[in-house]
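Q: Next come the chains, spelled out residue by residue.
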Amino acid sequence: MKKNLGSFVVGDSTKCTGCKACEVACFAVHSRQNNPVGKTVGTVTVPVTPKLYLTRFEQGCMPIQCKHCEDAPCLNVCTKGAISRIDNQVIVDPEKCIGCKDCMQACPFGAIALLPYAKDGKLAAQAMGETKVFASKCDLCAGVEGGPACVRVCPHQALRLVDPEAEAEEKKIKAAEALLMTKNWR
Amino acid sequence: MGIPEIEDAGCLLCFGYNGADSHPIVARRIVRGKQKGMKIICVDPRVTETARISDMHLQLKGGSNLALVNAMANVIWNEGLADIKFIEEHTNGFDEFLKVIEKYTPEYAETISHVPAEEIRKAARLYATTKPAMILYGMGVCQFTQAVDVVKGLANLALMTGNFGGPSMGIGPVRGQNNVQGACDMGALPNCYPGYQSVTDPEIRAKFEKAWGVPLSDKVGCAITHVPHRVLEEKDETKRIHAYYIFGEDPAQSDPDLAEIRETLDKCDFVVMQDIYMNKTGLHADVILPSTAWGEHDGVYTCADRGFQRIRKVIEPDPGLKTDWQIIQEISTAMGYPMHYENTEEIWNEMIDLCPSFKGATYEKMEKYGSVQWPCRDKSMEDKGTPYLHKGGKFATKDNRGVFYATDWHPPMELENDEYPMSLSTVREVGHYSVRTMTGNCRTLRNLEDEPGWVQMNTQDCERMGLVKGELVKILSKRGYCITRCLPTDRVKPGATYMTYQWWIGACNELTNAKLDPISNTPEYKYCACRVEKIKDQEWAENHVKELYDEIRTQMGITAGKGDH
Amino acid sequence: MNYFVKGNPDLCIGCRTCMIGCVVAHEGKHIFEVDPDSYTFNPRLHMVKTAKISVPVQCKHCENPACMAACPAGAIQMKDHAVIIDTSKCMGCKSCMDACPFGAIDMVTEAGKFQADGKERVVANKCDLCSGIPGGPACVRVCPTAALTLVKEDELADAMEKKRMEAARNLFRDNQE
Numbered sequence: 122m123k124k125n126l127g128s129f130v131v132g133d134s135t136k137c138t139g140c141k142a143c144e145v146a147c148f149a150v151h152s153r154q155n156n157p158v159g160k161t162v163g164t165v166t167v168p169v170t171p172k173l174y175l176t177r178f179e180q181g182c183m184p185i186q187c188k189h190c191e192d193a194p195c196l197n198v199c200t201k202g203a204i205s206r207i208d209n210q211v212i213v214d215p216e217k218c219i220g221c222k223d224c225m226q227a228c229p230f231g232a233i234a235l236l237p238y239a240k241d242g243k244l245a246a247q248a249m250g251e252t253k254v255f256a257s258k259c260d261l262c263a264g265v266e267g268g269p270a271c272v273r274v275c276p277h278q279a280l281r282l283v284d285p286e287a288e289a290e291e292k293k294i295k296a297a298e299a300l301l302m303t304k305n306w307r
Numbered sequence: 075m076g077i078p079e080i081e082d083a084g085c086l087l088c089f090g091y092n093g094a095d096s097h098p099i100v101a102r103r104i105v106r107g108k109q110k111g112m113k114i115i116c117v118d119p120r121v122t123e124t125a126r127i128s129d130m131h132l133q134l135k136g137g138s139n140l141a142l143v144n145a146m147a148n149v150i151w152n153e154g155l156a157d158i159k160f161i162e163e164h165t166n167g168f169d170e171f172l173k174v175i176e177k178y179t180p181e182y183a184e185t186i187s188h189v190p191a192e193e194i195r196k197a198a199r200l201y202a203t204t205k206p207a208m209i210l211y212g213m214g215v216c217q218f219t220q221a222v223d224v225v226k227g228l229a230n231l232a233l234m235t236g237n238f239g240g241p242s243m244g245i246g247p248v249r250g251q252n253n254v255q256g257a258c259d260m261g262a263l264p265n266c267y268p269g270y271q272s273v274t275d276p277e278i279r280a281k282f283e284k285a286w287g288v289p290l291s292d293k294v295g296c297a298i299t300h301v302p303h304r305v306l307e308e309k310d311e312t313k314r315i316h317a318y319y320i321f322g323e324d325p326a327q328s329d330p331d332l333a334e335i336r337e338t339l340d341k342c343d344f345v346v347m348q349d350i351y352m353n354k355t356g357l358h359a360d361v362i363l364p365s366t367a368w369g370e371h372d373g374v375y376t377c378a379d380r381g382f383q384r385i386r387k388v389i390e391p392d393p394g395l396k397t398d399w400q401i402i403q404e405i406s407t408a409m410g411y412p413m414h415y416e417n418t419e420e421i422w423n424e425m426i427d428l429c430p431s432f433k434g435a436t437y438e439k440m441e442k443y444g445s446v447q448w449p450c451r452d453k454s455m456e457d458k459g460t461p462y463l464h465k466g467g468k469f470a471t472k473d474n475r476g477v478f479y480a481t482d483w484h485p486p487m488e489l490e491n492d493e494y495p496m497s498l499s500t501v502r503e504v505g506h507y508s509v510r511t512m513t514g515n516c517r518t519l520r521n522l523e524d525e526p527g528w529v530q531m532n533t534q535d536c537e538r539m540g541l542v543k544g545e546l547v548k549i550l551s552k553r554g555y556c557i558t559r560c561l562p563t564d565r566v567k568p569g570a571t572y573m574t575y576q577w578w579i580g581a582c583n584e585l586t587n588a589k590l591d592p593i594s595n596t597p598e599y600k601y602c603a604c605r606v607e608k609i610k611d612q613e614w615a616e617n618h619v620k621e622l623y624d625e626i627r628t629q630m631g632i633t634a635g636k637g638d639h
Numbered sequence: 002m003n004y005f006v007k008g009n010p011d012l013c014i015g016c017r018t019c020m021i022g023c024v025v026a027h028e029g030k031h032i033f034e035v036d037p038d039s040y041t042f043n044p045r046l047h048m049v050k051t052a053k054i055s056v057p058v059q060c061k062h063c064e065n066p067a068c069m070a071a072c073p074a075g076a077i078q079m080k081d082h083a084v085i086i087d088t089s090k091c092m093g094c095k096s097c098m099d100a101c102p103f104g105a106i107d108m109v110t111e112a113g114k115f116q117a118d119g120k121e122r123v124v125a126n127k128c129d130l131c132s133g134i135p136g137g138p139a140c141v142r143v144c145p146t147a148a149l150t151l152v153k154e155d156e157l158a159d160a161m162e163k164k165r166m167e168a169a170r171n172l173f174r175d176n177q178e
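Chains as they are written, first to last, in this note's numbering: chain A, 122 to 307; chain B, 75 to 639; chain C, 2 to 178.
These are calculated hints, taken from the structure and not from any lab test.
Only true hints are included.
Result set (EDC-like, lysine to aspartate or glutamate): computed pairs, CA atoms no more than 20 Å apart in a straight line: (1) K304/A / E154/C; (2) K114/C / E28/C; (3) K124/A / D611/B.
The structure displayed is predicted, hence computed values, not measured ones.
Whenever a hint applies, use it, and build me the whole structure from the sequences.
A: Listed below in structure tokens is the structure:
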């Protein structure tokens, strides 16, 4: 069936140990595409800036990233039209982004961060000698073979790529089977 | 038997009949029967809703009906479960019948039907020992080249167990379309006047000639399924069909081998189509006569249980629209035979006075009792009709005795082969009725299911071919192809495919075989060989389907609902 | 206690009249308008058919709803014995869909309401027990085989009480023997 909804990656705090392998893998994959880091993942001058965030909270830790909302507040708030839906996923176009931070404020998950924008292996410059930045968020590793790197590298399988429609379908069948078991509830 | 009697049967043999999809209201009776403790034996190649709640589901291979029926008869006889008294007192031909069914041991039938012999035995025992036992059969029996033989085979089962002549027993055909029973009752058959009175009987012909004041032909007419041949291949000019008047029917959608039907309609000199909405046949018609729909006119329908029921006009049709009977009346008058009826009751009264078995079914009675089941021979209000036939074991034969009739099973006309390795059967789906000339114009029903429909396939076949739910596939037979969506399901067996026939794009009748049952002239919709092909470029296929649909809509001049899917 | 509608697979014939009834109840007379954009076809329950089962599946209106806990927008709340989504607050993040163990939530387009990129809004959709609709859940009312039941606190409590009585009687009988 043609997919209608965006997929997303979700973390499981019961499995996550906070090792940050996901963050490193995320940055590695994306820096290979557009950041001037060379062979290493991060350097003294270029910190590891992933698109998902290992988040420690009172009860534990887990990575948090974009849900690719269907009525996405970030997309709706962006005055420049820099955020669009491509193949059901919510994607930022760094060329169009002016770094106004509206999307960061609109996002209820804290899934967006400002990052220096690198192009052709160099940091992109703007007027007055400033470095251009852009709103960076999970793109579900668009164009990366094997799908989201975070899911692949997690040593504890604490990350899962969700196809919400397919999963709902399976859950519905389970719910129907439960009705078979509880049909004589009276 | 009457539809309401179903729920009071002790045992229901539901053979090739999927009530939930074709008649939800009848299915309700089956569900209620189950709640009342009725035993259900379901014979169907698919897991239907009835199969799901049945006590026994014989999931036979398509096209093996008669082998299974004969084997059940074989078990009933050999295990001493037959009603010998009933057979002796009320039937003929039992000995000849035994000779035929002798070889149909459950073990032999297993090789044909793929139903384990022990299951056949259990089913036969359950049917024969639970009283009263009722049989319902549907298109899974009738739409084979061996259809009438199976109906007779099922009747044999009822005869040999004495399941005739009382309430909640007997054998019930649950018809393929609404009011098919009515069309047959009213003589829309090539060999009958209304009331099943033969056109070749001189006495009957004289009666109708006198009533109508015209000489009438003594020749049997042409069955709808013979029309293509009579248009395309008939060498005798006097027998060749030149004009075709079609109403309330969409042969360019519902008949087998659609390519041949289109050629027939195009080569026929003059085609008139009379319907409530535009349909596929209309694309080939010279004249289109719009008529009223249910709710816009009065009339009588016959239910599958022979019950005449009034239908009533509830809204005024659009100005200028005429009812079917008014159109027929005007055409008849224009052709030189004036007709003057004021309303449907006048027509009805003329008809019942010419048909002894309908004579008592007046409008007044239908109004009062809701349904009047024929035979109803007397106009007095006391004659409320006949809920079940053959009371006291008296059958409608010359000597009032039921007749056993048996014949050997033969396979369907076109079997799976190297080029077309799978079988295809046409089926129904609840929501869309028949060719969906009506329901396709109901938006909510269209939202529930729309073009290009589905092909139901076993999940193993889908996995093997790398097909997922909703993927567009090409399905082909010797006669044509169409594009539809794949629906993997474990309700069907490997090697078999099922499609509903109402879609314009996923039109499975492009594929079906036009071979006919020799007696009923019904085509073998339930079996032909086919092949399913994966379509690599799904985006192209999606667009292609949309283009095809838009093209048909444009041809039909449909502009409403452009933004709809 | 929240109420809920449950289907009985023994009675269901898979006809989906419940789904149509649901849409008609929530869309009102829009469905009779010719303009196709004037209504949306978003049933709030879904027919599940497997080899063994046909039955509609819908929200169970949990007492500790996982969807409500997962919603970052506070769009899901409990009201009038039901768990209800305020679609005006929903942003389609699918957290509820992911959280619901029954697959009872889907994401649907809202006709006539658009996002910044011109596409129709997509929001979470689920059974609201026909909140505010006279006569109660439409699915229960339209089912031709009466396969759907609205379960209220009393019914459930009565059933539990009945079962306890039965259990006690059985134990009593065992003790006597």
